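K.L.:
Chain by chain, the residues:
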Amino acid sequence: MSFSWAKPYEPKHPVMKWLDERLPLPRLAYGAVGGGYPVPRNLNYFWNFGVLAGIFLTIQIVTGIVLAMHYFATTDGAFNSVNGLIMRDVNAGWLLRYAHMNGASFFFIVTYIHIFRGLYYGSYKAPRELVWMLGLVIYLLMMATAFMGYVLPWGQMSYWGAQVITGFFSAFPLIGEPLRVWLLGGYAPDEAALTRFFSLHYLLPFVIAGVVILHIWALHIPGSGNPTGVDVKDERDTLPFHPFYTAKDGWFAATVLLVYALVTYFAPDYLGHPDNYIPANPLATPAHIVPEWYFWPFYAILRSFTIDFILPAKLWGVLAMFGSILLLFFLPWLDKSPVRSGSYRPVFKRFFWLLVIDVLILGYVGGAPLNWWRTALGQFASAYFFVHFLVILPLVSAFETPDPLPSSITDSVLHGEEAEAAPAGQTRPRRGATATAG
Amino acid sequence: MRFILGFIGSVFAAILLFSMISNLATYAKNPPAPLAAEEFHREPKALHLKSDGPFGKFDKAQLQRGFQVYSEVCSACHSLKLVSFRDLKGLGYNDAEIKKIASDWKTQVPSINPDTGEPAGRKALPSDNFPAPFANEVAARAANNNALPPDLSLMTKAREGGPAYVYSLLTGYRNADTYRDEHGKPLPADAKPPQGLHFNPYFANLNVAMPPPLTTNGQVTFADGTNPTVDQMARDVAAFLVWTAEPNLENRHAAGLAVAIFLLVASILGYLAYRQIWHDAKRAVRITGALDPKNQAKAKRAKAKQGVVG
Numbered sequence: 000m001s002f003s004w005a006k007p008y009e010p011k012h013p014v015m016k017w018l019d020e021r022l023p024l025p026r027l028a029y030g031a032v033g034g035g036y037p038v039p040r041n042l043n044y045f046w047n048f049g050v051l052a053g054i055f056l057t058i059q060i061v062t063g064i065v066l067a068m069h070y071f072a073t074t075d076g077a078f079n080s081v082n083g084l085i086m087r088d089v090n091a092g093w094l095l096r097y098a099h100m101n102g103a104s105f106f107f108i109v110t111y112i113h114i115f116r117g118l119y120y121g122s123y124k125a126p127r128e129l130v131w132m133l134g135l136v137i138y139l140l141m142m143a144t145a146f147m148g149y150v151l152p153w154g155q156m157s158y159w160g161a162q163v164i165t166g167f168f169s170a171f172p173l174i175g176e177p178l179r180v181w182l183l184g185g186y187a188p189d190e191a192a193l194t195r196f197f198s199l200h201y202l203l204p205f206v207i208a209g210v211v212i213l214h215i216w217a218l219h220i221p222g223s224g225n226p227t228g229v230d231v232k233d234e235r236d237t238l239p240f241h242p243f244y245t246a247k248d249g250w251f252a253a254t255v256l257l258v259y260a261l262v263t264y265f266a267p268d269y270l271g272h273p274d275n276y277i278p279a280n281p282l283a284t285p286a287h288i289v290p291e292w293y294f295w296p297f298y299a300i301l302r303s304f305t306i307d308f309i310l311p312a313k314l315w316g317v318l319a320m321f322g323s324i325l326l327l328f329f330l331p332w333l334d335k336s337p338v339r340s341g342s343y344r345p346v347f348k349r350f351f352w353l354l355v356i357d358v359l360i361l362g363y364v365g366g367a368p369l370n371w372w373r374t375a376l377g378q379f380a381s382a383y384f385f386v387h388f389l390v391i392l393p394l395v396s397a398f399e400t401p402d403p404l405p406s407s408i409t410d411s412v413l414h415g416e417e418a419e420a421a422p423a424g425q426t427r428p429r430r431g432a433t434a435t436a437g
Numbered sequence: 000m001r002f003i004l005g006f007i008g009s010v011f012a013a014i015l016l017f018s019m020i021s022n023l024a025t026y027a028k029n030p031p032a033p034l035a036a037e038e039f040h041r042e043p044k045a046l047h048l049k050s051d052g053p054f055g056k057f058d059k060a061q062l063q064r065g066f067q068v069y070s071e072v073c074s075a076c077h078s079l080k081l082v083s084f085r086d087l088k089g090l091g092y093n094d095a096e097i098k099k100i101a102s103d104w105k106t107q108v109p110s111i112n113p114d115t116g117e118p119a120g121r122k123a124l125p126s127d128n129f130p131a132p133f134a135n136e137v138a139a140r141a142a143n144n145n146a147l148p149p150d151l152s153l154m155t156k157a158r159e160g161g162p163a164y165v166y167s168l169l170t171g172y173r174n175a176d177t178y179r180d181e182h183g184k185p186l187p188a189d190a191k192p193p194q195g196l197h198f199n200p201y202f203a204n205l206n207v208a209m210p211p212p213l214t215t216n217g218q219v220t221f222a223d224g225t226n227p228t229v230d231q232m233a234r235d236v237a238a239f240l241v242w243t244a245e246p247n248l249e250n251r252h253a254a255g256l257a258v259a260i261f262l263l264v265a266s267i268l269g270y271l272a273y274r275q276i277w278h279d280a281k282r283a284v285r286i287t288g289a290l291d292p293k294n295q296a297k298a299k300r301a302k303a304k305q306g307v308v309g
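From first to last, the protein sequence lines are chains R and A. Once you know that position 311 of the first sequence is 310 in numbering that gives the first Met the number 0, the rest is easy, because the numbers rise by one and skip nothing. Once you know that position 246 of the second sequence is 245 in numbering that gives the first Met the number 0, the rest is easy, because the numbers rise by one and skip nothing.
Quick caveat, the hints were computed from the structure, so don't treat them as lab data. Being a predicted model, the structure only gives us computed values, none of them experimental. Incorrect hints may appear among the rest.
Some, not all, of what chain R presents toward chain A, calculated at C-beta under 8 Å [claimed, not checked]:
#1 238
#2 254
#3 268
#4 308
#5 333
#6 378
#7 390
#8 393
For each residue, glycine too, the CB sits at the ideal point set by N, CA and C.
The following block holds chain R by itself, in its conformation from the complex (with noise of 0.2 Å):
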């Protein structure tokens, strides 16, 4: 697509030759995820996350269609057919929910890795902003589609999550509480609630298939990233997709979906909560309500907001958590410095670990029942997150002296970052060399 030694689509067999004059689909996947799309050769295995994401995606949507099939979408029927029909009845019908459910979370877990990839290695940089941006789409279309998927079995977490969640919307002067009526189809979430919820949970990944392809299709553009953050030169840079990281991505997932297996077959229940077990009691409010563990650090936002200055304390906090996701959306705009990889950035760096420190401080958090102690903890943690992000990080990329990059992506293969990032005007072997040596 994007380099013209891309090699194009020559279909072999005769019937591939037919079909490519007719729909040229072989020909779309060839340079997409085939041998015709050339990808830097220096990638490392951070870069592995984005195929994960997609093979965690399918997982979601091919066990879920099956759950689909046996799930009662009523209050008096959701609890019993999940944890009875299909936990005890359907065929392998224990395999298909657990799979799903530990499925959103490990798609949570590779999506994050994925997400700090793009925040170390500035994926978000020129000229790949939509790249990012439809990126941060997806992910807020996974949020809502964890969200209502978790109300689905009307245990106790999920009643009491829609509750709080929905309640977000109440905080909103005027027509908060009207539009919090409307979207629940009444006054607390019911049957028109969950009706309504499973079916945007049924929708909703497909809208996040789209947007994966457009994710993929703007990336393709200029090409994917690189560790180095320096630009494709020519053929040498770069690698055919597949067979190199067919291969690098075919291992690691099988790695990765192995740390899966374990956690869903041996741990299902490690990674939610007990009193979902519990059906759902619009009388009886757990001890602490929590969402799921991939929300922690926003619900940490939004319960550190303990004062109402000017606006109410809620609708800070709720305003704050939208926020602290919506200001990704100028990264790109936020950090101007001109060199993408944060490995010859070196007080960006460590900010960016501190960062990382301070949101899984905001998880721990928001995932504790709140003391003292935890709710000044949080508030540090979360007044840090906006600092950063949008203090810190416009004065680093104003002021910062860059360390040198190295020439191209083949040198640094050859000679290793290290000696790459060895200060200006050292005198380093020319390519020339490098070519005819061989």
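Could you slot chain A onto chain R? The hints should help.
P.N.:
What follows is chain A alone, placed relative to chain R:
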């Protein structure tokens, strides 16, 4: 735009930091007193079952004993709605035994009189789920001092600690007046159970509505001759409730092992294939011959050995 965003970020951060300081100040001024429920609450005792761990299998003799405890004690108040009589095959009973257990079950299955259409009951069949001891929630509460005995089908998955919690709770009843915690501290007066509740340090708020169900050794006479101590009965019924919550546990463990071995082999073969495929790719850009860093290092060592400088 960056200035606007920076300003918004600063506002959020300022409010958060101000909240943090005001919270810390409030805490410093009047730190909250520790709650008795938190102070005296105990984590479940350790319980080891054969179904534990990745290779765990059910101990069917124990499950049958636990089922006996359920049917003779727990089932007076607690339902087991998600389990059906035919599932008892998993405990090692045969079809005839299951048929007998079902038809002998003390509660009848709600039905209608085929002649009049009036509500009636009939004997349970193997295909029926365990009938609930009370017709509805109102009846259950009326018979239990306004407390609702929860369904036990998923109990070991619905509580932190699972079977260990069930075992600890059943054996954890203590006299609130004479109770001392591990530091010898007595219960404060306001934490003592109100009328109709029973003190149990393993229960979340210390006071549980359920009266001690297993009170005396020999309350149940085990068919297999095991000595029915309270501890033994509690262990057995906890093991039984692991089965009711997760009847497919053995299947899951067996399938998990097969899948894990398959994926392990796939990973290893995939890795070897990856190394094979990339071998040539790395070759293609590596400097070989005299310029190979390895050869250069070798030459340098040889020179140094001969005493040649440079």
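K.L.:
Okay, which hints does this one fail, numbers in order?
P.N.:
none
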